[in-house]
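Visitor: Chains as they are written, first to last, in this note's numbering: chain L, 17 to 160; chain E, 17 to 160; chain G, 17 to 160; chain X, 17 to 160; chain H, 17 to 160; chain R, 17 to 160.
FYI, nobody ran anything at the bench for these hints, they're computed from the structure. Values in this document were obtained by computation on a predicted structure and should not be read as measured data. Ideal placement from N, C-alpha and C gives every residue a C-beta, glycine not left out. A few of these clues could be false.
If we take Cβ atoms under 8 Å as the criterion, some of the chain H residues that face chain X in the derived model are [as the list claims (entries may be wrong)]:
#1 46
#2 48
#3 50
#4 107
#5 112
#6 114
#7 144
#8 148
#9 149
#10 153
Protein chains: 6
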Amino acid sequence: MSAIAHFTRRWTFVAAHRLHVDALSAEENAATFGKCNNPFGHGHNYVVQVTVSGPIDPVTGMVTNLSDLDAFARRELLDRFDHQNLNTLECFRDTVTTTENLCRELWRIFIAYPHAKLERVRVEETGNNAFDYFGEGRAARFGE
Amino acid sequence: MSAIAHFTRRWTFVAAHRLHVDALSAEENAATFGKCNNPFGHGHNYVVQVTVSGPIDPVTGMVTNLSDLDAFARRELLDRFDHQNLNTLECFRDTVTTTENLCRELWRIFIAYPHAKLERVRVEETGNNAFDYFGEGRAARFGE
Amino acid sequence: MSAIAHFTRRWTFVAAHRLHVDALSAEENAATFGKCNNPFGHGHNYVVQVTVSGPIDPVTGMVTNLSDLDAFARRELLDRFDHQNLNTLECFRDTVTTTENLCRELWRIFIAYPHAKLERVRVEETGNNAFDYFGEGRAARFGE
Amino acid sequence: MSAIAHFTRRWTFVAAHRLHVDALSAEENAATFGKCNNPFGHGHNYVVQVTVSGPIDPVTGMVTNLSDLDAFARRELLDRFDHQNLNTLECFRDTVTTTENLCRELWRIFIAYPHAKLERVRVEETGNNAFDYFGEGRAARFGE
Amino acid sequence: MSAIAHFTRRWTFVAAHRLHVDALSAEENAATFGKCNNPFGHGHNYVVQVTVSGPIDPVTGMVTNLSDLDAFARRELLDRFDHQNLNTLECFRDTVTTTENLCRELWRIFIAYPHAKLERVRVEETGNNAFDYFGEGRAARFGE
Amino acid sequence: MSAIAHFTRRWTFVAAHRLHVDALSAEENAATFGKCNNPFGHGHNYVVQVTVSGPIDPVTGMVTNLSDLDAFARRELLDRFDHQNLNTLECFRDTVTTTENLCRELWRIFIAYPHAKLERVRVEETGNNAFDYFGEGRAARFGE
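Work the whole structure out from these sequences, hints included.
Guide: See the structure below:
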């Protein structure tokens, strides 16, 4: 039987955003998003945790090489999102920049990592708020 | 396919408690609960994490509105448990105030939150101790 | 229906290690393990989290007695791994001391804990790196 | 002899900002501020720690009443800075929104707290960056 | 010139307490202490940090031996305060159990540590509240 | 009057070490250093915090440019200490690798940073142990 391990790596980026939906009125935006609808934006230190799984390689003892995953995240995550205003990014042209949608976008990015299976994307917006995403059409199976 | 996200919110409350079972003798209580059986009680900064899930709303980009969940927690969790002695609460009249039972009680409370599906209740008693509860008759499915 | 809770306990130990595979050449070791292949070793403050589950005892309100689990961990984990060089331990004679393999070894240890069901072993190597193991032939079921 | 204690309170607010000096050229701004000069801004979860001191009241056992300090911070700090873009605030009309200048501005605010002596303002911009300010013309006396 | 280093050691204990002054009326107690005046008490995970200083021993490279300081804290701090109700302790017979007074009491205890000079006692009551004490008649010299 | 701010930057490195003094007997080494004297070494995730001070530049709003300080730390701290065994470094040829001595060595390194005044070097060996150093012949002035 193979031994499967899960590897969770943590990166941080800082960004501005504003919660606003063009299709809603000013009143609806204010009622829905409250202070997060402030027209000049606010921002966060976003903490991203990506979990990948795979068999432990019998020679190297690894699920995936940390340097491969870090290089991927440097190119696809940090270079594109760090020190940005999320509302100006192409990927948020048609969706509001909630952390739920950010998780979904990061799933689309990390699913392309070729060396292990993507299991989970987690984003902590603040120390009191975290969001998990497990892929399109998938929910967590915490219990049953 | 719908996109399901999981939202975990964190609140803190402070409380006293004492581990003691009336049906057990003083010796049995001391043997079972050790220092936690001290008759004058001790206490904790309890950290509660509640995870709810649901489809990401295509307009608002949210699983549930944070202000709704916070209002619910203010009324049902913080106003009832913060700065209390757990042993004096009605919900612990017949059960010992372990964190396992506290989780179970919090599950009964948050299952009534109407805007998303309750997935998990976690309580950290100290930085080295955490308890998860997934509902009556449900266990985690971490592996298989 | 029984009420199942999950209890996660956290311990820390400090240890040295070196990532090196005798069957690989010096060049292959350097290419695979980078700085972690430094012949004199480096080290970590390892954070171990063990999750066990079980029915909440209707009398004691516990899944397992913390003092039992701590005594087990003291004897089987801390006394054997704390302030050691992992590469000198018998259990790593034939495998490289990656955190994936450390998790697997800790699973073999904690599966013998007699008072609750082992669900998960997690080891944080640094604040940015964590590994989970769920048993031989088992993977997480985060989604589906 | 009186007994002096120091009380440090911690609040968090989230905000956007952009580092940019009008008097500098685009090239100079880019060279000085790097990614922080991005025209659309970025943001942070700012952590503020304010330290006040005073004699321990012989009756109440307090340096200052926490509810007084929290009310002051609610009105003067959180209501003015939380979920804002710092660059749009009046107090930053003539100065760049570095955390150094933010500390200085918070000093000007908290020095007006009437119930204890302000000793220090600390702002953590990220988990790896913190700034302390001790008042105009004052430096820390860590050693000598 | 001698080389002086400062060593800060951190311990945690859990305790219950109630803020109440017998000399004040029920109304005054409620107005002064708010929820902390709840007659059944509440509690905390108290985090204690003690800083001692001294010359770095030229042979051992230490300010003081950690095992000496830990043994002292075990006997004088943890065995006396952990899992207690602070209001029942002799040392709080005549003073209210605020964290300011707790710091002062811990100063009286650690000033007797014979192997290094006591510089500071810090107690974190919650993650958002910390108190420092520097000895009778001494205030911090953060600035000047 | 000039406005002086203090900037604290945090970096992490991982290393092995062993506490051992050649001039002491095996028994003395064991008695002095306990488990830390294990001949194969152990290790830590060392957290370094360096505090520098200086006037806030009236144009840039900074005490020193973070990119300058990070480049200095990359070259002088991380490239020399990360993933090393401290006992093999030239700077510890004649002194034992306690964290006190590590602080002192880091002071000698960061005092050469040309763009701000070094105030403090802090090293956290574990989450429960931290050491501060303020320069040769200097002690903290926490009180008086």
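Visitor: Provide an ascending list of the numbers of those earlier hints which the structure does not satisfy.
Guide: Violated hints (numbers, rising): 1, 4; every other hint is consistent with the structure.
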